[in-house]
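There are 2 protein chains.
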Amino acid sequence: MEKIKRKVIGEPLKSSQITHEKFSVFRGLPILSSDAISSVAYACEEILIVLIPVMGILSYKYLIYVTAAIIALLCILIFSYRQTIDSYPKGGGSYIVSRENLGVTPSLLAGASLTTDYILTVAVSSTAGVAAITSAFPALLEFRVPLTLLIITIMTVGNLRGVRESAKLFSVPTYFFLFISLLMIAVGVIKYLIYGYVPVETAQVAQMQNTIGDMTLFLFLRAFAAGCTALTGIEAVSDGVANFKAPATKNAKRVLSLLFLIVVIIFGGVSYLSTIYHTTAGGDRTVISQIAGQVFGQNSLLFFVMQFATTLILIMAANTAFSDFPLLLSFIAKDGFAPRQFAKRGDRLSFSNGIILLAVAAAILVIVFKGENHLMLPLYAIGVFISFTLSQSGMVMRWVRTKAPGWKHKAFINGLGATITFITLIVISIVKFKHGAWVVIILIPSLMLLMKRIRRHYAKVARQLSLDNNYFPVFNSNAAKRFIVPVGALNEAVVKTINYAKCLSDDITAFHASTDEEETAKLKEKWDKYEMGIPLIVREVDYREVVNPLVDFIENGNFRQSKKDMVTVVIPQFNAEKWWGNALHNQTAMFLRSTLLKRRNIAVISVPFIIEDDYDTENMEKVLEEYTDKECFKCRDAEKAQEKKCESEKTEQTDKNSKESN
Amino acid sequence: MEKIKRKVIGEPLKSSQITHEKFSVFRGLPILSSDAISSVAYACEEILIVLIPVMGILSYKYLIYVTAAIIALLCILIFSYRQTIDSYPKGGGSYIVSRENLGVTPSLLAGASLTTDYILTVAVSSTAGVAAITSAFPALLEFRVPLTLLIITIMTVGNLRGVRESAKLFSVPTYFFLFISLLMIAVGVIKYLIYGYVPVETAQVAQMQNTIGDMTLFLFLRAFAAGCTALTGIEAVSDGVANFKAPATKNAKRVLSLLFLIVVIIFGGVSYLSTIYHTTAGGDRTVISQIAGQVFGQNSLLFFVMQFATTLILIMAANTAFSDFPLLLSFIAKDGFAPRQFAKRGDRLSFSNGIILLAVAAAILVIVFKGENHLMLPLYAIGVFISFTLSQSGMVMRWVRTKAPGWKHKAFINGLGATITFITLIVISIVKFKHGAWVVIILIPSLMLLMKRIRRHYAKVARQLSLDNNYFPVFNSNAAKRFIVPVGALNEAVVKTINYAKCLSDDITAFHASTDEEETAKLKEKWDKYEMGIPLIVREVDYREVVNPLVDFIENGNFRQSKKDMVTVVIPQFNAEKWWGNALHNQTAMFLRSTLLKRRNIAVISVPFIIEDDYDTENMEKVLEEYTDKECFKCRDAEKAQEKKCESEKTEQTDKNSKESN
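Protein chains in written order, with the UniProt record's numbering: chain A, 1 to 662; chain B, 1 to 662.
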């Protein structure tokens, strides 16, 4: 087991080997923005899925309006987050900003929202990545779910190994995607405007001509809500300010501005191409692949390159969650709102427990939703917008409190951001409620409650462990030296245990819970034969277990004088060299130990007895036969002999004349 | 948890409460024969599934021939088993018969075959039971799998509670089914012969008229092999001889004869009705339900009664496996070929682990095969016929060995049985190989190998534990009294642990693996402040774990003089009153303990520290706030203060004229 782990994960790293790589604008942009940039790969499609069934061919007109509205919202967000970067040069995610400025409960709301979000990022991005592959190779469609799980597994292993070191490698896919999508947009526009390319009218598009419904406010809002998935990942930059080279805040702001520019061009460009090339949505082929097919030519090399680039950047986006979520969870765990295991770095200095939790949760989502992306996306945007709103509101509170120069102006900008994102949040919650958003609306408060309960538990523990209580118990030494050794049968392990116990105490009692008279008699006989030299107490038991009689003996007899005394139980502990061997023992020792330790005043000594695997292997076959015959079938043999006797008697009786007898 | 278990399973029973209810012929027949009788509910259908696609309308003619061949085989088996009953008045299943007469490997072959068989019995019978329901209520078809799992769950709970007591109740469904099927056969025959009823010719039957292929030997054998599922469950009677009232063997033989009669009448009758009412096979409606529909009238009360009775008897059949398999497994486990846990009776005196294993395995089969019975049936007959063959061959060996009066005659009968069942086994294996029988052909040897490995392990353990080795280690008392207490931070639990340890030894050392300088400094300070009075050894560690440094300290330093010395590690063991609380601690203690105990010469003392759940609940909210603010956010507060300072300095610099300052 250990060996396999080492092969997959790598050798453990020293604590001192932790690196804090700082990046320039050129390196930081691809790493922090892959999530935001990649969401354009599905945002446009989500808008069309809402519009087309109602508006038909008119959808393309409204697609542009919706895109414009989302870009306007993005613009406000960018200004708002520039201020967060200035104020939190060490990194200001929603959890930290709301914790400092709004209090515990809002911070947990942010924490819970971000948790659901990161899980969805992994599920959605890896699913979308696979969708890009299956658009190019439809034969793979039926392997969608296993492929997605494979990608999640690879990312998990990579992150457990600690992929951070190879951060330089990460910039390649993002720039590659940027280049190829800008190329696609440029060629697409030129082909249409200058060469007058007429889009291929598929059967679906032809059908659209006939369905022209009415545009309603609700429909527009639904489309807007669907498209808001394009805004995910914006926060990553303000989270990662600390990772930039000096001047960190300035560099981070530059990256944020560049990110804005890129999203506007690509999201806007794809929407525009969508309208002129009349893409359909919700089928087996993604919008981007349809555009690429018409712009570059179906089955052209560039078409496949485009699909490949899309897959890569989506995987990068999922990978962002793998590096950000465990870090967030470690903050939450350090504050005591999540199990402490998540605050501990693993063998390879990554927060391995958080990585595994993320992978498992995302994999479950992928399996439950059968790799259907548009079923998961409605769950997505709510968490994003809750954290936007909280983070902006936190900033407003900060300005009001600190009253730093220009605070009114700055509070207005953040206030505007908070208001707009809050309104968007309400819109999304309402229009997507029955499409699955209700799940998130139940899940987030449940997570918050869980976090609070965990914190409460840790507070209780800290209180009880605190030496401020001034409780320093002193135990009765005679009672503690009163040792009990539970004995089933007398064997090497028991002898070793008793001989060890004799080193620590002169007052040892053996205790046997008798479930079988014959076995008990055998034990007593052996006890005398081997001169164990300590008293053996035998209790007849009604049920087939030994733990309760032992506890009863200790607690209810006059075994100890005061309830405050500690007594000591000594147990042999088997340990097979092969791991599966341990499953083959009744595990009575384990059960005994865990039950006894639930009591305040029983200490348990475990004395190891190692079962060797290569013990006497030469004669093993002989041993096997010997034990098989002698030990196991002894009773049955006796029975058989008896039976034979009966039979022969019977035979003698019935056939008195017969000369054959046994 | 415990409470829920008690509600579902019931209060534990005393060992003395075990009952050995003996039954008369009238009570024994339904209990031991439900499996055999119920298999007619699907055997006829399986034959038709093979015949109809090739032979069309001629299938009905050959159905009669196949049925006759199977009944002839049954006849031989009955004679053969009567002799087994005579020889094994305590019960002679294949496992026991082959163990005694053929040796270890054949007995494991029998054990493995029976294991696969019992699992299939549960899966197949409960699926067929549900098929009877869905034939009456087609709307339930899509809930087939959950319904089957529900039935398995109910049987599992029932058997864990110990349904044996209500054995009397069990005779009702079997007699009920007997009565209603005899009625159906009688009415069906009369309706056709006397009233000249003309069967409804469905579209499928009409189509059959056109497909008249050639009868080949292979097809006949395939149909025969398919129908052999009717013979499952015959062995149950010879297994259960011991449960009959005296004269046990005589009563058992009577039951066997009655069983023969019943199977001949019902299986023969259903086959005959099948030919005259032209039933189809492999669709959504079972053969029996088609016959009942035409005989009693579709949607008549008796039609539903027939379906209900079929479901009931199939559930009874599955239940047989629930009482027989755990018993068989307990034999195998007592012989050491299966984990010992299976030889232990649970709270309610049933072999609960075996019951759970059976239920889980059957449930997996149902889920994997999506509740399609004819996919599982090819797996079925192989195990049955392996155990028939072994059991009969074992009897032959027995006669040859014992040379009891008339042994030649008896050996011939058993030999004939063995030969015929062996030939059938070969036929089934060949004709069903690619339909799924290969799974069983791989599975059975794998199970045997596993059983042998388990036995080998137990033999090794027994050998190493045996006092015949004459190895009675005596330990150096000074070394054993050398106690080490691993310490992370100084708290109540550590103080309790050290004070307890002081009762047993004067030579205690505290060991701290330092991963964080600040924490270590705090620990040292507290150590002096609270005057712990024992030395504290601090080791700087490279990796973020404490177990290896501790082991290294013990093993590689001059901590003990001889490698043979036992030393002692004392660990505080947290225990939260609420079970989920234990998941919230880093479990370092558990990991430490299990790693240390893998070494031959380190004993581990666990000192319990109970974390109370209702500790100081009154002030809990206050406590929560207090700890949240003081402890957790201390660092962040310091950072915040620093940051604020920075900012205000910056502000001062930039806006020198500004009068607002913080």
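Keep in mind that the hints are not guaranteed to be accurate.
Pairs count within a copy or across copies, as identical chains cannot be separated in the list.
Mimicking DSS-like on lysine-lysine, the simulated pairs with C-alpha atoms at most 25 Å apart in a straight line are [claimed, not checked]:
#, residue 1, residue 2
1, Lys-452, Lys-578
2, Lys-522, Lys-14
3, Lys-481, Lys-502
4, Lys-564, Lys-481
5, Lys-598, Lys-5
6, Lys-370, Lys-526
Just so you know, these hints were derived from the structure itself, not from any lab.
Hints violated by the structure (numbers, ascending): Violated hint: only 6; rest satisfied.
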